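Engineer: The lines below spell out each chain.
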Amino acid sequence: MTQAFRTTSGGRIDRRKAINFTFNGQSYIGYEGDTLASALLANGVHLLGRSFKYHRPRGIVAAGAEEPNSMVQLGEGATTEPNIRATQISLYEGLTASSVNVWPNVEFDISAINGLFAKIMTAGFYNKTFMWPRSMWMKLYEPVIRRAAGWGKAPTQTDPDIYDHMHLHVEVMVVGGGPAGLMAALAAGRAGARVLLVDEQSEFGGSLLSKKRQIGAKDEAGWIADMAAELEAMPDVTLLSRSTAFGYYDHNYLCVLEQKTDHLPAAERKGKVRQRVWHIRAGQVVLATGAHERPLVFADNDRPGIMLAGSVQTYVNRYGVLPGKKMVLFTNNDAAYEAAIDLQAAGGDVVAIIDCRHEVSGELVDAARALDIEILAGYAITGTSGGKRVESVEVRAIQKGAKVYTSAARQIDCDLVAMSGGWSPVVHLFSQSQGQLEYDEEKVCFLPGKPRQAQQVAGALAGQFTLKECLAGGYKAGADAARATGFTPKRKPAAPEIEEPDLGGIEPFWIVPGSRPIGEGMAKHFVDLQNDTTAADIELAVREGFESVEHIKRYTLTGFGTDQGKTSNINALAILSGILDKPIPKVGTTTFRPPYTPVSYGALAGRNLGDWSDPVRVTSIHDWHVENGALFENVGQWKRPWYFPKAGETMHEALNRECLAVRNAVGVLDASTLGKIDIRGPDAAEFLNRIYTNAWAKLGIGRVRYGLMCHEDGMVFDDGTTARLAEDRFLMTTTTGGAASVLDWLEEYLQTEWPELKVYCTSVTEQWATVSIAGPKAGAVLKKLAPEMDLSHENFPFLSFKEGTVAGLKARVFRISFTGELSYEINVPWANGLALWEAVMAAGAEFDITPYGTESMHILRAEKGFIIVGQETDGTTTPQDLGMDWIVSKKKPDFIGKRSFTRSDTARPDRKQLVGLLTETPDDVLPEGAQLVFDPNVPKPIPMAGHVTSSYYSAALGRSIALALVKGGHGRKGQKIFAPLEGKTVTAEIVDPVLYDKEGERLNG
Amino acid sequence: MAETPWITPAAAIAESFPDGLKELGPRVQVNLRGDVTDSTFVNAVKTATGLDLPDAPNKVAAGKECKALWLSPDEWLLVGEGEAASLVQSLEEALSGQYVAINDVSANRTIFEISGPYCHQVLMKSSEVDFHPRAFAPGNCVQTLIAKSQAIVEQVGREMFHIYVRNSFSRYAGAWLAEALVEYSETS
Amino acid sequence: MLNIDCPWCGKRHETEFHYGGEAHIARPEDPAKLEDTEWAEFLFMRTNTKGYFAERWLHSHGCRRWFNVIRNTVTHDIVGSYKMGEKPPKLPKRTGDAK
Ligand SMILES: [Zn+2]
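Protein chains in written order, with the numbering used here: chain U, 1 to 1005; chain G, 1 to 188; chain R, 1 to 99.
To be clear, the hints were calculated from the coordinates, so they are not data collected in a lab. Just to be clear, a hint being listed does not mean it is correct.
Pairwise CB distance ranges (calculated) [what the hints assert, rightly or not]:
1. R:Gly-10 with G:Ile-13: 18 to 24 Å
2. R:Thr-49 with G:Asp-19: 51 to 57 Å
3. U:Pro-755 with R:Pro-89: 17 to 23 Å
4. U:Asp-623 with G:Asp-35: 38 to 44 Å
Listed below are several chain U residues computed to face chain G (Cβ distance under 10 Å; list not exhaustive) [claimed, not checked]:
5. Asp-164
6. Lys-272
7. Asn-608
Quick caveat, the model's predicted, so the values are computed rather than measured. Note that CB positions come from ideal geometry on N, CA and C, so glycine has one too.
Model the full structure from these sequences, guided by the hints.
Structural biologist: Below is the structure:
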């Protein structure tokens, strides 16, 4: 197919560079510089898809981000993307795209039969029809509706492309690279500010790319090139085209999506970042986001070939395309006449201008008349016909104020209808920044009111609809922004001579009646093309009691979807205002939320994927664990060895082996992940007294003590051992996951409650690698590694530490135990961790020393009834609940949490309390989290008695063991309790949580 | 004492680092806390190290033996070459009896060096702090996040930064920085 | 994303900070002397202000200092920040006002 609708010359396309592409399986040729939309129009393709609800044929309406209809499925396989606007896809060699929401194909679409049932598919149709019976929803309604109403298809494969994020700080950020934005960037850049200019299009110029203008000595293209060149030469000005500012957040924080390779053929994209999200913090923001043209709402205004007038002008001037050869223009303003004049100049034929104003005059009107174009003033289009393309329009004379036009109808044949209902400033980002809108009666649009953030507005957004106003307004906004951030703007350059037609007038005309009242007959007056919302739907919603604009939006779907109502919001609002008989400003607007245009999940995620979705923290011994077959468990951000299965071993077998090794010989654990905090100062002991529940003042130097921490509410939140290094110095350990929050909490009390305490806290977590050896042979292993260290129980008792040399490394050895066995925790500087571990493995070889992971550690400590914070506690557990009254000082007058222990709720006798559970059948291992009941035979719902917090098979005991929180559990020892599970109920006896070595005889090996 | 090599999690991947990124070897790093408004403290530190401790935020003060990075109003990281133990000892002696905290944290963090024309871009991909020459210069340091890892970033030259990362994060952060550079090393 | 002015480090992004709830709620001098209801008041009750609100922040990834911020809970405008123990800056007159 040739490009039958391409003009003979002109446009910003490169006619020497032909580009092959495929749409719905058909091959076409376009030019470099085309969008998919312009290339399709050049080939005479108007029908791009089917509408959302009625499956009516739809075509291209606009030329940019505001396009409601022409969404396509772009690409194939892993990189396919659904619902991309053809108007924003830069054409590249090999592009393939297809229609969405069509089945089996766009020419013959089965669901179009929905159109015949259109009468019942009105506003709220889905809400009303598919309510009952409820069971039908999942099985029948939803899958069918989803297939019928679905747009494009999400890719099923992993996205192979690279996305990333960039952070940028500038004094002045300018959004929009049209004439106003370019001037603003220039003013701020010349003043010396750091400037960022972003624009969503492939090149700067904005509306000037679509119009013919003389600016001083230059034409529009020359002027744009000069501006871009000067800005590019400024070292601290960043220019981003193909970049959409999609979100405007607090404190001038904006997000911009830069599409770096989407316009390139596949071969040229390889290895490159496809899309980048820029995170901008700006001192001042200049919004120069322009304006979108509004459609007119008339009968059957949705046929392919019915387009916005300004977009027709864009296709003619920028892309060298005639969207049609016989055009009718329907307008309520003068500015749209320029589209007719330009189309005629490019070789098209304008058969009539239908102007709904009764009196028309002005420079553009005269120019159209001079071209012998018929102007029907005081007329309206009251109907259209044509199947997959508009073929003719019906026009009638308007009777002012009438609900129905009864004047004689005249048919005018055409293949293109250009329409213009005026212009709506693109207030989306302004609104996102919390700015309030003000309605301008004269300009017939909402304009930005007082900004809420450090911000300027310029250009069409600010109601500056002529080029002359844009250039002056843009420069002023840029200069003001620079001044506000501490720069002195250069003197304003002299305004160039600009040749542009008079803007002329506009008369609001929100809804065009037909020969029958709106909502009667088959004609539809579409307001929101993407959601198939009609004017009748809005009327119906009001009749059904909806009045708030936010409710109407949700009931009729107006303004939803990928275009977020860019062409429909104001028309819907104005129609609502008419029905409610309230002025437009009183009706109010709906809320504009980010993103301005859709952003892919890939771009939002950036590089924070897979291993980088959260940092993976590893110890200095990690690679040894990997090489020796460890499986890993995530503990906070840490990877910790979970267990070390040998070849052919099940998890159960591996855990039994590891646990028995510790009980019978010696095991070794990488404990480097525990948090470590150095606490130093004359008041260090007093500080510990206040933050731990037990007493610390009398702890001897060289000794170690276990402590519990509670919040003020009396609930346990961390635990660990703390050693006294000197009179004024302690080394605290915290849980692996709690290290950062404990340090923050200590600082909080030191800085905010007790600034008089002289204490410094320093995190030293990764200064030390910690290797823990446990078991009856632990002493023998350590003796080999530290022959000079006195390991006698008299001189190195439980809960003490020594400094010395272990395996030739400077070390600190703690004698503490989390397993109940004789145990030493050897600390060496972090980088020496692996050397120490290997030395321990070598020294322990004769005892068959066994590396074990967190799972065995959990079993070993559960056998001893030791708690794990976060497993036996959940933020609602007191020390007393845990049976740990022994660690709560009765003598200290105050410590954090103390006062809460006597609150009525914490003193309740029926609180959930920690107990041990032994199942009746020793092989039954209860699932952790299982709910417990005292009597499984009472009628449902059975009152809950508690839950299982830890549960394992204990090799040492030859049976299952569990810990649980049970209501009033401390007084229920010996009683039975039940866990109703799927298919069976397990019976267990409530016992003391300490199940192994109750006397603690094994601590000394 | 046996000398052991400086093995960090990042070391295992450092061979594949692109030009412009490397992991430095061990440095003496000592964390010092004290009251900078107390001249006894400031003078004693000067005696022990020759350093005038910076009291302005995000400044680095350089001395002969070591430099001091401002971390907070009462906290500095002293960084140098040589023996940590001797620096700790001379500080302990000079500050004996004062309300201070001195910790050898030489093993706590490893240091990445990024350099070359793209080091600012790498930082823009990795951090929300403004490292533009107008806002940040040699002699500045900052505690912040590099990707999602806590870090200290120190500018040591016009196109050279040192990034101090806790060892457990070093493989994550090293890989992140390397990947951030790839885009530029392939085109240059 | 908020731009929070640390009294020491200057303006940094919200991601470097942790929120610390309402400011100027001092821990009672002698909790043992309080009735249950008084203790509960300290533990649980906060003002939930609409408008300018004094709140605590921790510069957790920076200088690790706790400090106070006056923030408008409607608009997120931050009027100022001040160190622990310092007096709050003067508040703008009406809540919800633009700067
Ligand atoms: Zn700070």
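Engineer: If a hint holds in the structure, say so; if it does not, say that too.
Structural biologist: Hint-by-hint comparison with the structure:
Roughly 34 Å separates the CB atoms of Gly-10 (chain R) and Ile-13 (chain G), a value that falls outside the hinted 18 to 24 Å. Between Thr-49 (chain R) and Asp-19 (chain G), the C-beta spacing of about 54 Å keeps the proposed range 51 to 57 Å intact. Taking the beta carbon of each, Pro-755 (chain U) and Pro-89 (chain R) are about 21 Å apart, inside 17 to 23 Å as hinted. Checked against the hint of 38 to 44 Å, the C-beta distance between Asp-623 (chain U) and Asp-35 (chain G) comes to roughly 43 Å, which is consistent with it.
Residue-level restraint check for Asp-164 (chain U) holds (minimum Cβ-Cβ distance to chain G is 6 Å; threshold 10 Å). The restraint placing Lys-272 (chain U) at the interface with chain G holds, with a minimum CB-CB distance near 7 Å, inside the 10 Å limit. The interface hint given for Asn-608 (chain U) is met, as the beta carbon of that residue sits about 8 Å from the closest beta carbon of chain G, less than 10 Å.
Hint 1 from the earlier list is the only one contradicted by this structure; the remaining hints agree with it.
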